[in-house]
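Asks: As you go down the protein sequences, you meet chains L and S in turn.
Everything in the first sequence is counted per the numbering used here, starting at 1 for the first residue and increasing by one.
Everything in the second sequence is counted per the numbering used here, starting at 1001 for the first residue and increasing by one.
Treat each hint with caution, since some may be false.
Straight line, CA to CA, 30 Å or less: simulated DSS-like cross-link-like pairs of lysine-lysine [as the list claims (entries may be wrong)]:
# : chain 1 : residue 1 : chain 2 : residue 2
1 : S       : Lys1341   : L       : Lys126
2 : S       : Lys1206   : L       : Lys126
3 : S       : Lys1299   : L       : Lys126
4 : S       : Lys1229   : S       : Lys1246
Anything over 10 Å on all C-beta distances counts as not near chain L; from chain S, calculated [claimed, not checked]:
# : residue
5 : Asp1102
6 : Ile1117
7 : Lys1189
8 : Pro1295
9 : Ile1308
Computed from the model, here is a short list of chain L residues facing chain S with C-beta under 10 Å [said to hold, decoys possible]:
#  : residue
10 : Pro125
11 : Lys126
12 : Ser142
13 : Gly234
14 : Ala242
15 : Gly246
16 : Pro274
17 : Glu275
18 : Pro321
Since the hints were derived computationally from the structure, they do not count as laboratory data.
Just so you know, even glycine gets a beta-carbon here, dropped at the ideal spot from N, CA and C.
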Amino acid sequence: MPRVVLVTGVSRYLGGRMARILTEDPRISRVVGVDVVPPRMDIGGAEFVRADIRNPIISKVINAAEVDTVVHMGVIATPVQAGGRMSMKEINVIGTMQLLAACQKAPSVAKLVVKSSSSIYGAGPKDPAMFTEDMEPKHTPSSGWAKDSVEVEGYVRGFARRRPDVDVTTLRFANFLGPRVDTPMSSYFGLPVIPTPMGHDARLQFIHEDDGLEAIRRATIGDHPGMFNISGDGVILLSQAARRAGRPTMPLPVSSAGLVGAMIRRLGLADFSPEQVRFLTYGRGIDATRMREVFGFEPQHTTSETFDSLVRGRRLNRLLPPERVEAAEEQLVSMLTGGEVSR
Amino acid sequence: MTDARVIPIKTKDSKSNARKKPAAKKSPAKDVPGKRASGSRRSASSSAAAAPAEEPEERPAHDPLPGTEPAPVAWDRKVANALAFVRRRITGEYEIDEFGYDRELADKVLNAPLRPIYSRWFRVETRGLENIPDDGGALVVANHSGTIALDSLMTSLALLDHHPARRQLRMLGAHLVFSTPVIGDFARKSGSTLACAPDAERLLNKGELVGVWPEGFKGVGKPYSERYKLQRFGRGGFVSAALRTKSPIIPCAIVGAEETYPIIANAKTLARIMGLPYFPITPTFPLLGPLGLVPLPSKWIIEFGEPIYTDGYPDDAADDPMLVFNLTDQVRETIQQTLYKLLVQRRSVFL
């Protein structure tokens, strides 16, 4: 049972909410939040320490507070949040190295929870339909957040080897989505016209922000060492998601994706790495059987419910609201059949 | 979606409805005899029955005159169904499975153009459908031929439309299929997935009927002179998958597909430039341009052989390469012999 918890990446939405959730647990006496910038949101009873996990100061924080559980949520998905790809990579990779180095030296640390991502499986035509935790990626990610995540997991494995007494839980999340969290996916579906890779229709999976946080809380409170895919039930197709969002799509040849992605990035509409374009082209599925059977966790929202919560929460203006489509359908049916067919 | 005016169509004869919109209900094996009868009748006597196939079936249930009543019912119900389908498509309110299989779309849209090709153009005759179990996982292993994989589509249609349990064949395809735009997309939506051990085992464990063509591109891209000579059967991965999941293997021989696009030469350089495994030159393609894409109307026979059961083997049988090789050979030999048998029985290529 953890007493003193350190949460990294606390100034961003998910980290901040996680810190607040943990302070609400009476069994945890102290929650220390760490980030380079002060949190904009209320992190409840958590203490904030302005520290850069990229330098050895973090070691002092861990030792001074006698931290026994470290929740690492400091891996950033988009360069804009970090202020450029270079500093994003610094925060993600060097930050993790420093954090783990500090943990290795701190005898008080007994548990490490890492928020990782299913993007480490890459995306491509040679992928099996569903990745289980034991499978190796067929197309190793070569850029962006996915590559950072692969490297972070590599360092976490190294740490687990050197400190076998520490319980390490790695959670590989499907794409976070929800009414409030900002992710590359939510800004993508917020585009007025959604560019899609022509001739492809990716399978997508989402995890609701509340479910994702609950999974991290569960890993922090209980003893669940290991690696777990975390995703909402079911998959939806990119085209289907766009229709649910009521957005028109614009299929573009995959070869033009780099150009279009750069343009969208330049305009500040959404943040796109080549890795994400690959993901939106080939899609990916992760198998969450181990999450249910070993980790013992059942998300409250399915993939499509999660997506709908984004649409409702963001009030994405649907070009064709479903009610209107339904009304039109009923009208047509009654017009054509004299109103005698009822559904 | 029930309709007061449709109820009189007897529920016992629900096959006529089930056939019209099969996506709506995954009907159990209730309608066994009728479906097969109607299927074989269609192929046997394609008489001047311009009327839809369900009419003779509902006549005994109703009064002898199938007058004005049922026709408009069928019509307005069709319209309502079509509109409901369009609405679900517009709003995205439909389900796909984890492999990307979109049952409704596959059945209502993707399979529709294949049905006339199946019954009119190739006049496919099926044999041994009783060897396919009504439920549970099984692995259909077939020979591959015909330049483009029409044989897989026809086999899938044979099982979906003519097997009593309307079994959907989940086909395993090469990764090249899934890296090709449009084709890969349609393949996933129609229930295919990548030919790899995890996917095959996942499907078999879920009790799906899985179709595999182990010859791969070696089979479809072979020259006409080597027709009906089976190529190497991959590395026997399909046997391992069947052994691990203890699913029966059903050998399947397809005759007719070889003659659809006879390959007389292979433009290797062109294939390499375009990133294709082969570039076929047939008597009509590329000579006649797009017209060369029309397949020759060969007469097809698809025969499903007796299942080879794998549940008698020990649990670690899949790790015994010798056993896997032997089983692979057994399956291959069975298909080869069946092919020879069917070729002898066949009267001519086109009749």
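Asks: Taking the hints in turn, state whether each one holds.
Replies: Here is how each hint holds up against the structure:
1. Proposed proximity of Lys1341 of chain S and Lys126 of chain L is contradicted: the alpha carbons are some 37 Å apart, above 30 Å.
2. Distance hint between Lys1206 of chain S and Lys126 of chain L is fulfilled; the C-alpha atoms sit about 22 Å from each other, no more than 30 Å.
3. Between the alpha carbons of Lys1299 of chain S and Lys126 of chain L the distance comes to roughly 35 Å, so the proposed pair goes past 30 Å and is violated.
4. Restraint check for Lys1229 of chain S and Lys1246 of chain S: satisfied, since their Cα atoms lie roughly 29 Å apart, inside the 30 Å limit.
5. Once the 10 Å rule is applied to beta carbons, Asp1102 of chain S is inconsistent with being away from chain L; the minimum gap is 8 Å.
6. Against the 10 Å criterion, Ile1117 of chain S stays outside the reach of chain L, whose nearest CB is about 23 Å from its own CB.
7. Annotated as non-interface, Lys1189 of chain S brings its C-beta within 10 Å of a C-beta of chain L; the closest such distance is 7 Å.
8. Here Pro1295 of chain S stays apart from chain L, with its beta-carbon at least about 23 Å from theirs, past the 10 Å limit.
9. Remark: the non-interface label on Ile1308 of chain S is consistent with the geometry, its nearest Cβ contact in chain L lying 25 Å away (cut-off 10 Å).
10. Evaluation of the Pro125 of chain L hint against chain S yields a held restraint, the C-beta minimum of about 4 Å falling below 10 Å.
11. Checking Lys126 of chain L against chain S: minimum C-beta separation of about 5 Å stays under 10 Å; hint holds.
12. Using the Cβ-Cβ criterion of 10 Å, the hint placing Ser142 of chain L at the interface with chain S is not satisfied: the shortest such distance is roughly 17 Å.
13. Below 10 Å, beta-carbon pairs count as interface contacts, and Gly234 of chain L has one with chain S at about 8 Å; its hint therefore holds.
14. Checking Ala242 of chain L against chain S by beta carbon gives a least distance of about 8 Å; that is within 10 Å, so the hint holds.
15. Checking Gly246 of chain L against chain S: minimum C-beta separation of about 8 Å stays under 10 Å; hint holds.
16. Taking 10 Å as the C-beta cut-off, the interface hint given for Pro274 of chain L is violated, the closest approach to chain S being about 16 Å.
17. Here the hint on Glu275 of chain L is broken, as its CB sits about 17 Å from the closest CB of chain S, past 10 Å.
18. About 9 Å separates the beta-carbon of Pro321 of chain L from the nearest beta-carbon of chain S, less than 10 Å, and the hint is met.
Violated hints for the displayed structure, listed by number in ascending order: 1, 3, 5, 7, 12, 16, 17.
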